[in-house]
Amino acid sequence: MQLDRWIAFVILCISLIYGYAAFFTMDELLAPFMRRNPIWPSTFPKILSVLAVVTSFVILFRIERPIEKSSSSDMDLSELKNYKIKEAIILLALMVAYALLLRPAGFLLSTISFLSLGGVVLGERKIYFLIPITALATLIIWYLVQGVLGIFLRPLPFFL
Amino acid sequence: MLEGLLIGLGAAFSFQNIVMVILGCLIGTFIGMLPGLGPMSIIAIMIPVAITIGDPSAALILLAGVYYGAIFGGSTSSILLNAPGVAGTVATSFDGYPMARRGQAGKALTVAAIASFAGGTIGAVLLMIFAPALSTVALLFHSAEYFALMIVGLSAIAAFAGSGNVAKAVLMTLLGLMMATVGEGALFNMPRFTMGLMDLQSGFSFITLAMAMFALPEAIFLVMNPARSVQGGNKNDIKDLRISREEGRQIAPVIGRQSIQGFFIGVLPGAGATIASFLGYAVERNLAPEKEQKEFGKGSIKGLAAPETANNAACTGSFVPLLTLGIPGSGTTAILLGALIALNVTPGPRLMSDSPEIFWAVIVSMYIGNIVLLILNLPLIPYIAKVLTIPRTYLIPFILFFTLMGSYIGQNNSTELLILVGFGVCATILKFADYPLAPLLIGFILGSMLEDNFSRSMQLYDGVGFIFERPMTLGLIILAMVLIVLPSLRSRFSKKIGGDVAEGD
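Taken in sequence, the protein lines are chains W and V.
Counting along the first sequence from 1, when you hit position 90 you're at 90 in the numbering used here, and nothing is skipped either side.
Counting along the second sequence from 1, when you hit position 13 you're at 13 in the numbering used here, and nothing is skipped either side.
No lab work stands behind these hints: they were computed from the structure.
Computed from a prediction, not measured in an experiment: that's the story for all the values here.
Among the hints, a few may not be true.
Below, a list of computed lysine-lysine pairs in the DSSO-like style, where the Cα atoms sit at most 30 angstroms apart [said to hold, decoys possible]:
1) V:294 with V:386
2) W:84 with W:126
3) V:298 with W:126
4) W:84 with V:298
5) W:126 with W:81
6) W:46 with W:86
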């Protein structure tokens with residue numbers, strides 16, 4: 001089964017769960033006087049879930065034939081093995097690490113490490129250039145965010 | 001109208017706003033030049049900055065400047081490197097790149113700048129004429145018509161964005177609408193679909209979603225495919241920016257025609273700059289005398305002026321439905337709508353009467369923006385083009401960092417960053433499977449408005465009767481169904497789009 005049909009299947013499951021919640025569990029909490037209303041909190045979600053289930057089936061069973069590969073996207077699945085997936089995953093992992101470390105390690109440390117490690121992952125070898133440049137950029141950004149935009153970012157680790 | 005213009009001039013000609021326009025145009029040109037980053041990503045990255053400014057006119061002026069700048073920057077990389085950064089400027093490279101190869105890079109850039117300027121300015125004049133008229137009509141609309149109009153807008157976007165895969169676009173729209181129902185809505189005062197998680201109580205954040213849908217997948221793809229971030233350097237010396245009077249006479253009628261055509265294509269929901277530029281190119285090629293037709297594709301200045309004019313006029317045109325109806329017709333205007341809502345401004349027919357200064361400031365800023373692009377950016381292009389020589393080892397981490405920062409500043413919450421990465425991965429997978437992402441975001445942004453209007457009509461008519469009792473509503477809903485069922489128009493134009501381009505306009 002091709003990727004787009006797998007995705008349709010996943011979305012079908014999501015819509016079924018969503019629809020189940022809309023049809024069977026949401027209305028239990030509804031106050032009696034609200035039941036006299038023509039529209040309930042669940043009305044719109046019910047319509048959406050039915051439409052989404054129908055549309056996922058259309059894709060899943062190829063009722064609408066895709067004419068040809070849509071050309072507006074240049075990401076080609078058949079080229080997947082030529083892509084540098086490892087680098088992309090490492091960078092994503094770095095982003096997750098950044099999210100987790102931003103508060104405890106402070107903005108400056110975490111940002112400088114994120115930018116430099118990102119550069120290293122992408123193949124930059126001149127570390128003696130990389131670190132000063134990222135450090136300078138980080139300081140400028142920190143000043144812009146804190147001083148100009150007025151948004152607080154803790155610059156230093158929690159113990160300082 | 002004159003009175004409005006004066007209000008706009010008064011608002012736009014403050015020091016702050018002028019700085020905003022210039023800054024926006026420069027940043028837009030700068031980033032728009034990088035192949036692979038489209039205007040949607042740039043605007044998404046800029047939104048947190050715009051929101052912190054606090055003043056809605058200034059914010060909108062900044063974002064609009066970024067938008068034009070990005071389109072202009074996209075043309076620059078199309079001409080210099082044959083690497084369009086934006087789908088809307090692919091047609092520019094057909095004739096712009098051959099000109100640059102012939103050593104006429106400077107001339108090509110000037111033609112592009114003049115064409116963009118004329119397209120944008122004429123578009124702004126048309127916007128000034130049509131928007132007030134349309135919003136007077138729109139004031140007569142009831143919530144039922146609004147509901148139907150949004151359905152039409154969403155279907156049109158799906159029909160256009162899907163390029164033959166309408167079902168996928170519809171499914172994405174529905175997914176966006178479903179995501180909009182998560183959280184505690186004002187309408188019912190009860191949390192829905194939060195699964196008991198506190199983080200979902202206020203729903204998904206629009207900035208995070210915009211970053212995850214546009215900026216992050218494009219950045220990830222730059223990582224995976226190094227060939228995509230073309231390192232051009234600056235092989236073509238950019239010199240001799242002048243064009244002759246003869247050439248000016250050649251392109252003048254093209255610019256006139258394409259400004260108007262591009263504008264009206266831009267007004268249609270879902271069409272936008274990409275279609276306008278391809279159609280403009282095709283139309284001008286057919287109109288040209290046979291001798292000049294052969295030149296098209298080999299460096300014809302008419303072939304360069306046509307798409308450049310059309311895409312800028314279309315960008316301006318896409319503001320019409322946003323400012324008059326509050327319904328965005330493209331991914332970019334959807335992001336602008338989200339930014340406006342975050343600033344407590346509700347675009348729609350009442351915008352012009354309730355806060356005329358915003359409406360007119362935006363229009364005036366379009367003129368200023370176009371002038372800035374012409375006067376400031378054109379001479380600076382040789383220097384700005386140096387951005388193309390920044391190595392990707394520096395560039396990509398910074399792009400990723402800006403997406404992170406944008407969604408962190410918006411929410412001040414590091415859980416948001418994890419959501420961003422999660423959605424970004426999903427969006428990349430969706431993109432691999434050719435699911436269009438713009439409909440998802442537009443659905444998400446329109447979701448709560450759609451439900452509001454639907455609920456109001458349901459309450460007024462005590463059921464779904466409103467669909468059948470109001471002829472206009474019924475007519476619009478039938479139109480929406482037709483748009484979904486007969487989606488053959490788009491494929492004709494979209495086949496021509498190819499290569500290394502970011503999604504959309």
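- Message: If you test the structure against every hint from before, which numbers come out violated?
- Response: Numbers 1, 3, 4, 6, in rising order.
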